[in-house]
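Chain B: place on chain A using the hints.
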Amino acid sequence: MKIKTFSYSQLDTFIHKLSGLSKLVCFLLLTTSIMLTYDIRYIIGILIFSYIMFIIAKIQFKQIKMMLYYVGAFLLFNFIITYLFEPEYGVKIYGTKHILFTLIGRYTVTQEQLFYQITKFLKYLSVIPLGIIFILTTNPSEFASSLNGIGVPYKICTSLSLTLRYFPDVVNDYNTISLAQQARGIEMSKKAKLIDRIKRIGSILVPLLMTTMDRIEVISNGMDLRGFGKHNKRTWYSRKPLNIRDYLSMLICLLLLLISLYIRFKINHSIYYNPFI
Amino acid sequence: MNSKFSTKSIVATGLGAALFWVLFTYVKVPSPVPETNLQVAYGISAFFAAVFGPVAGFLVAFVGHALSDFISYGSPWWSWVVASGISALVAGFCFSKVAPRVEEGICGTSELVSFALWTVIGTALAWLLVAPVLDIVMYSEPVSTVFAQGLMAFVMDAIVSVVLGGILLKAYAATKTGKGTLSKEN
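These protein sequence lines map, in sequence, to chains A and B.
Going by numbering that gives the first Met the number 0, the letters in the first sequence line up with residues 0 to 276, in that order.
Going by numbering that gives the first Met the number 0, the letters in the second sequence line up with residues 0 to 185, in that order.
Any given hint could be a false lead.
[What the hints assert, rightly or not] Here chain A is said to cover these stretches of chain B; the calculated rule only asks that three of the stretch's residues, wherever they fall, bring their Cβ under 8 Å from a Cβ of chain A:
(1) 56–69
(2) 132–139
(3) 164–177
[Said to hold, decoys possible] Straight-line distance between alpha carbons at most 30 Å, and here's what the computed DSSO-like set of lysine-lysine pairs gives:
(4) K27/B to K198/A
(5) K7/B to K232/A
(6) K198/A to K169/B
(7) K169/B to K192/A
(8) K27/B to K229/A
(9) K27/B to K64/A
(10) K96/B to K154/A
(11) K239/A to K7/B
(12) K7/B to K198/A
(13) K175/B to K229/A
(14) K154/A to K183/B
(15) K7/B to K192/A
(16) K198/A to K183/B
(17) K154/A to K229/A
(18) K96/A to K239/A
Just so you know, these hints were derived from the structure itself, not from any lab.
Backbone N, C-alpha and C define an ideal beta-carbon position, used for all residues, glycine too.
In isolation and in its complexed conformation, chain A is listed as follows (with noise of 0.2 Å):
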């Protein structure tokens, strides 16, 4: 198993010198944005926006590549189950129906379809680059400071600080393991059958589960020694005092998400924008 994943490089870019609290509510300001519209023009002008943002945080090709396959997959999977399960869903949406040619049955291709598809494959599409600037920029100590800073409960934070610092060692875990049971013969291939197999994964997740254990022991009196929980607020050694920068990204953001809105209720009078009619 080869870990492929991102990795948080420190920059001197305008993004990154953002604090990760400021950075974390201009990624939920914008997702929202475009979880509330299916209009594509507003998708486009996102799209490009982020692309910008890319650029301005010198995010290199080779450090997203694989997140790239997968999304393509993903998308594309969701695009062909769409079509298959609902290959009219555009004409009841849109009201109107302009058939280009039909494949087999209730197959047709309309314009609608193919609007609303690729309305739909750009949206997903333009939620993607944002995740990744904001996890490709943020360092992940601070990314906990931020969550406390839009109201999470510090001892939620701190269990997700855990679990950033814990992930690779869990994987140094497992492939430790594993390795160790397959050199004892326990073969997880297609051959065996359904319920062998998630007994034979069991015999890898009870070790690991054990050595966690173990751990969460081990960390949990030493945060208890410390005191950790005593108090019902604490500080952050990571966390970023916002400035004028933060400011004026968060406000471009939420008037971003006002300009959707505004779209969706003032313009089209729904969540779709209709150029059929």
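Frame of chain A; chain B shown alone:
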């Protein structure tokens, strides 16, 4: 200090989420249905829910799933992330019955039945109701698609969480020493 949020449950939640995250991202067992995988991680979230309570279970699944989506897709698919959390939350309703017994090293039929029952209820609620409905409300997905996907996810995740969660509970209970297990030597 509220025992529900002891330091130990906080740490367990954090490490549990890391475990869930690793398994969810990298460990996929091929299933009989082509192009679909069994998500082993749901066994972990059900286990943590049963041993450390519903809130810990919810966070393990929610955080683990969200972070896994973040690193593999760039952005979480919130409706399914929430559904993962809910399935573990409901599985945690067997906490008061199962956890004290397991800590004493006992994991018999009645504990396993209670665990399996709540886990199946939680999985059903999550994949047959929460995930499809949120997909429709949040992402305006077509109705028939989401229910078909939900049904498939329900069947596979229910099997995985009950079987694996059960194995883990039994194994964990076996490491605990019960009351009155020491006997005097003559």
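Status of the hints after comparison with the structure:
| no. | hint | in the structure |
| --- | --- | --- |
| 1 | 56–69 | holds (count 5) |
| 2 | 132–139 | holds (count 3) |
| 3 | 164–177 | holds (count 5) |
| 4 | K27/B to K198/A | holds, 14 Å |
| 5 | K7/B to K232/A | holds, 19 Å |
| 6 | K198/A to K169/B | holds, 13 Å |
| 7 | K169/B to K192/A | holds, 22 Å |
| 8 | K27/B to K229/A | violated, 41 Å |
| 9 | K27/B to K64/A | holds, 21 Å |
| 10 | K96/B to K154/A | holds, 25 Å |
| 11 | K239/A to K7/B | holds, 29 Å |
| 12 | K7/B to K198/A | holds, 29 Å |
| 13 | K175/B to K229/A | holds, 29 Å |
| 14 | K154/A to K183/B | violated, 44 Å |
| 15 | K7/B to K192/A | violated, 38 Å |
| 16 | K198/A to K183/B | violated, 38 Å |
| 17 | K154/A to K229/A | holds, 11 Å |
| 18 | K96/A to K239/A | violated, 54 Å |
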